[in-house]
Structure formats: structure tokens, C-alpha cells
Amino acid sequence: MEELVFYLCAAVAIVAALTVIVQRSAVYSALALIACFCSVAILFFQLGAEFIAAIQVIVYAGAIMVLFLFVVMLIDPESDAFASNRLKKLTITAVPLAAILGLLLLWAVPAVGPNGSDSSHAATGGIEPLARSLFSDYLLPFEVTSILILVAVLGAMVLAKRTD
Amino acid sequence: MKPLVSTAPLRPLKLPQKHEVTDTQVDIMEYAPYAIDIGKVLFLFSAVMGIAAILTWMERKQSAVMQDRIGANRADIFGFRILGLFHIIADSVKMFTKEDFVPAQGNHFLHTLAPMLSMFFALLTFAVVPFGGIYQFGDLNVSLQIFDLNVGLLFLFAMMSMGIYGFVLGGWASANNFALLGGIRASGQMISYEITMGATVIGTIMVYGTLSLQEMNLAQGELLWGWIPLWGVLLQPVGCILFIVASLAETKRVPFDVPEGESEIIGYFVEYSGMRFGMFFLTDFIETVLAAALTTTLFFGGWQIPYLYSEGFLFPWGWSLELSPIIVMLLQVGAFMSKISFFCFTFLLIRWTLPRFRWDQLMRLGWTIMLPISILNIVVTGLVILILDR
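Protein sequences, first through last, are from chains A and B. Heads up, the first sequence is in the working numbering, so the first residue is 1 and it goes up one at a time. Heads up, the second sequence is in the working numbering, so the first residue is 1001 and it goes up one at a time.
Treat the hints as calculated values from the structure; they're not laboratory data.
Among the chain B residues that face chain A by a calculated CB cut under 10 Å, a handful are:
(1) 1168
(2) 1183
(3) 1188
(4) 1194
All of these numbers come straight from a predicted model, not from anything done at the bench. Cβ coordinates follow ideal geometry from the N, Cα and C atoms, glycine included.
Take the sequences, apply the hints, and build the full model.
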């Protein structure tokens, strides 16, 4: 049963991820990305990282993708205004970046091993060990990240309120 | 445990080989957990759908009483009208037989998918809501909650944020600007109030020290000074009010019906008809039941009855009454259902009492009033916990 769910979710995740790239309609791309996030969340859940799974759905599949979908629906990217040559330039940068990412993954995945490097944290459900290490060992990075997000929020406010 | 026998064909393929089938009692006990799971799902599903269906009638009848009218009373079977309750059947027959319209310019696939998504996620949320305690029947340990997730509260928010897609997609796929506007308003409102709701619930999490809803309910059975039940509303009074307001906003009904706005844009379902509209319509009521269930679970003791423990009543003034686990279970499930019904009634009362907010008023209430108070609530809760721990 568990293996069945794993292979099902893995297949859905891969197909959805491919759909995001291949699909010409931007709305379907966004929906496929949501499906991909959700199936990855189920994989997280199977690994015992329930907190990460829930956050994956709330933050990525829920909050961020709603904004993506908003933009796609409101600006209608299929119209002529967006059919420019920018795509070619993007392809030139995207291919080397994808190659670098692929190499990094090839190097990183065997280092972790098939069973993960340390599953003792994940096995306990996630939230307590996560909170403990976040507020003790990684306190400084955590606070810096919070301030970074605050700055980003303020920046967005300033840009949105600019009247000229 | 009635469904034991009926669900026997659903047993998994891996049969336990070491038990030779000499005693059927043993055989049944092996699969009892599966049967209980199926029974719990069926019970909660039919209870939620049942309450939601009755709410469609309540909505009409209660508003009629409040406005000094008679209300729905015409549908009858052989002359019997029983207060117009047959209108539920009449309505659903009407919904199912109406033309199922899809706008020609719209997106057929997403137009079909949207109501399913919104209803699916609204129903899935109930998986983590405990509707009863944990009971011991012989060797069987029955926890009346479909799925005891240790991050249950986060699962709840995850499902709520996924539910938004139904409304957004429905609005977009209709190829109608009013519908699109309704969809965007719906998601804007739901995201805004989900943030307030999340910030409010943090106070509750701090008080109980858990994210599991069943553990929260168990903690609410304890007593303060030996006689006051420690319900969430006592520990988090401000959080309780904020949560109720935010969850009313999540249901998208008056006074928070900006996405629908019957008098202006009609909303994301303007191009829907037949049962697909019915699903959007029913989703609103399911969300009302959900709001009631969550308010009950988090702040009003869930299935807890004061002074009722797993062995029976034990009053602080010394009286006691022993009860069998079955009776305790029935009493507590009944208590949960009555509390839900009470809050559904209250929410309908609010819906027919208050006028609606304008769009900017709604956003101002959410972001500049409720969110700061809920963050303040976190700070105050933290301080109180710190002082009490010293």
C-alpha cells in the first residue's frame, strides 16, 4: 500500500512537472504545478515529515500559487503582447543553468544515500525537533530571514503605494 | 459496531496465514479496525451532509421567522408538509434536473472541475476534526476521529487554502468578467482572513502545546480549581471571538458576502446552473458546518461534556454516576453534534441580522483591526504563560 502511494505520487509529480513546461496554456501550467506540489507534499508525509508536508501545501500550493494564478488570469499571457522573442533569450540562459542544477543533483543525491542521511528528526513528526533547532542552533539565520522577509514586505508596500 | 459484517468483503488481500479460520470471532477482530475506519468516515460524511442539507431549509425557515413571514411550506408528499422539510428534496430534484449550462467561451474542463474542487476540500477538512473521544471496547481502542494527525491544525489550514482554487477557477473558467471579479474577491477575502485565523490559532496552540485536535479536546476536559471546565473560550477569550469572525468570513456569507454580492456582481457562480451551482451552494453550508465544528473543537470543548469521564459522571460536589462506554460515547458524540447545531443556528442568526460589508471595509477589518489584535493576542498569551510558569 505504501509503495503504491509512493509510486503513484512520484508519477503524478513527474508528469505534472513535465506538464508545467510542455503545456502552452499558462493556467494549465500553474494548475499542474499545484498538482506537483501536492504530490510532493504526500511524499514528505510518507517520510514522516508531516510539518513540512503541511507547510508545503499551505505556503507553496496554497498561498504562492494563488498569486501566480491571479497574475496569469488577469494579464492573459496568451495574447499577442507577450508573444515576443524574450523566450529565446531565456532559453539560452536556462539550458546552462539547468545543466548546472542537474550536475549538482547528480553529486548531491548519492551523498545522501537511498535512506536519507539522518531520518531521526523526521521520524518524530517534525514540529518539535524543528522548532527546537530553529530557535537554538539556527537562531541567527532564522531571525535574519525574518527581517529579510519584513524588508521585502515593506519594499512591496512602498512600490505599490508609489503615486507618480 | 454494526458495520463489522457488512464491510467484510472490503478486507485487504494479505490474509493472516497463521490463524487458521477456526474461530470466526478472531477473524472479525482482525479486520475490526478497517470496519471502524469505514464506519467513522460514513458517519461523519453523512452527518456533515445531513446538517448542510438541513441548513438549506433552516436558512429559509429561520429568516422567515425572523422577518415575520411563514417561509417555505409548499412542498408536500400526500399532503404532509412537516414544516416544509420536503423542500430539501424538492430543491435537490430541481437542481439535478435543471440544464447543466457551460458558457460557450468558457473553459469546459475547468468549469466542471471548479465546484468539485471546492466541495472536495471543504469535506476533506473534516478528516482531522474529532467528533468523539477515545473509547475502550474490550481489546479495541476506538478514537472517534478519522485521522489523528499530529499536525492536524496545519492540515486544516492546508485544505482551506486549497479550497480557494475552486472559487478562483470557477470564476475564471466562466469567461464572464463578473464571475472573474467574484473569484478574485473570494480568494482575496479568504487569504486575508486565513492569515488572521492562523495568527489567532497560534494562541490556542501555545496554551495546549499541541497541534493535534484530539489532544486539544482531551486537554479541554480538565478542570480549573476542581470545578471550572478548562474550555478554550476561557483560556483564549479574545482568540475565540476573532476565530469566529474569521471563520464566518471564510464561509463567504453575509456579512462577508462580498464575493457573491447578490445585489451587485452575483459572484463566481454567475455562469453556473443545475447541480454544479448546487455544489457551490452546498459548499457554503458545508463551510458553515465546518466553522461551527472548528469553533466547537478549539474553544468549546469539542465532544467534552463537563464532569463526564470515560467511566461516567463525576461531579465536583461528590455525586457520581457510572455509565458504560457505549453510553458515554453516544453522549459525547451527541454533545458534539448539539454544539455544532447550536453554532450553525447562531451563524444563521448573524447572517440574517447584520448588513453586509463593503469591499474596502472588509479588507480594513481584516488587515488593520483583526490581524493586529490577533498578533497582540499571541504576545499576551506568551507573557501569561511565562508568568504562570515562574
